[in-house]
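A.B. asks: One-letter residues, chain by chain:
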Amino acid sequence: EAGVTQSPTHLIKTRGQQATLRCSPISGHTSVYWYQQALGLGLQFLLWYDEGEERNRGNFPPRFSGRQFPNYSSELNVNALELEDSALYLCASSLRRGAEAFFGQGTRLTVV
Amino acid sequence: QKEVEQNSGPLSVPEGAIASLNCTYSDRGSQSFFWYRQYSGKSPELIMSIYSNGDKEDGRFTAQLNKASQYVSLLIRDSQPSDSATYLCAVNPGYRGSSNTGKLIFGQGTTLQVKP
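Taken in order, these protein sequences are the chains called W and R. Going by the numbering used here, the first sequence opens with residue 1, and the numbers climb by one from there. Going by the numbering used here, the second sequence opens with residue 113, and the numbers climb by one from there.
Just chain W, with the same shape it has in the complex (with noise of 0.2 Å):
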């Protein structure tokens, strides 16, 4: 069974210009999350899709934003880079809201 896929596993972005990244979550799996960390640093609560609809969002700007697809892949979209935007963006998926999740292999964003 395949897991959480991330796409792209890299990208390089210039300040100012716009970030998608995309995640596939595990067949059957209805909730995305999407984490930010940072180097060197912990793991950062950024969106919950469960079910097509954003449940919850974490202490991050407006300029990050996302959707869940029909399929329950989901995009996150990163607006105005910033250099501190720099990080690994890291997706996971979870069968039912509450219960174990697991990781994609993450993507790694520079903003140059």
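These aren't lab readings, by the way, just hints derived from the structure by calculation. Positions of the beta carbon are idealized from the N, C-alpha and C atoms, including for glycine. Careful: at least some of the hints might be erroneous.
[To be verified] Only part of the chain W face toward chain R is listed, based on derived beta-carbon distances under 10 Å:
hint, residue
1, VAL4
2, PHE45
3, ASN56
4, SER94
5, ALA101
6, ARG108
Following the hints, position chain R against chain W.
C.D. replies: Using the frame of chain W, we list chain R on its own:
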């Protein structure tokens, strides 16, 4: 007070010893507790989940939960150099009103070094 606290370490143990990793959480209503292992530059890998008070064993790993003390721990028996990684404690705060907050709150992680 941080929602989930871990000692950042590093915790250094000799090969074959027991490594003990600890985590405390602030939300008394928390329902689900998880331990993840993260190798440098990689994504977190789920190694244990625990939902009720007591011990849960899986191979060389034992998770212990004490909700009264708001404390969860992970024991690694017969530690191997390949266990050297950062161990993340994650807590799901559970239901607030009629909806689950749904997010996993992570501690900063404890770095474990197993020396041959």
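A.B. asks: Does each hint fit the structure? Answer for all of them.
C.D. replies: Right, here's what the structure says about each hint:
With its C-beta approaching chain R no nearer than about 9 Å, VAL4(W) sits inside the 10 Å limit, and its interface hint holds. Interface restraint check: PHE45(W) against chain R, minimum CB-CB distance 5 Å, threshold 10 Å, status holds. A distance limit of 10 Å between C-beta atoms decides the matter here; for ASN56(W) the minimum to chain R is near 5 Å, and the interface restraint holds. Restraint check, SER94(W) versus chain R: the minimum CB separation of about 9 Å is within 10 Å; hint holds.
Taking 10 Å as the C-beta contact cut-off toward chain R, the hint placing ALA101(W) at the interface holds, the least distance being around 6 Å. Hint status for ARG108(W): holds, given a least beta-carbon distance of 9 Å to chain R, under 10 Å.
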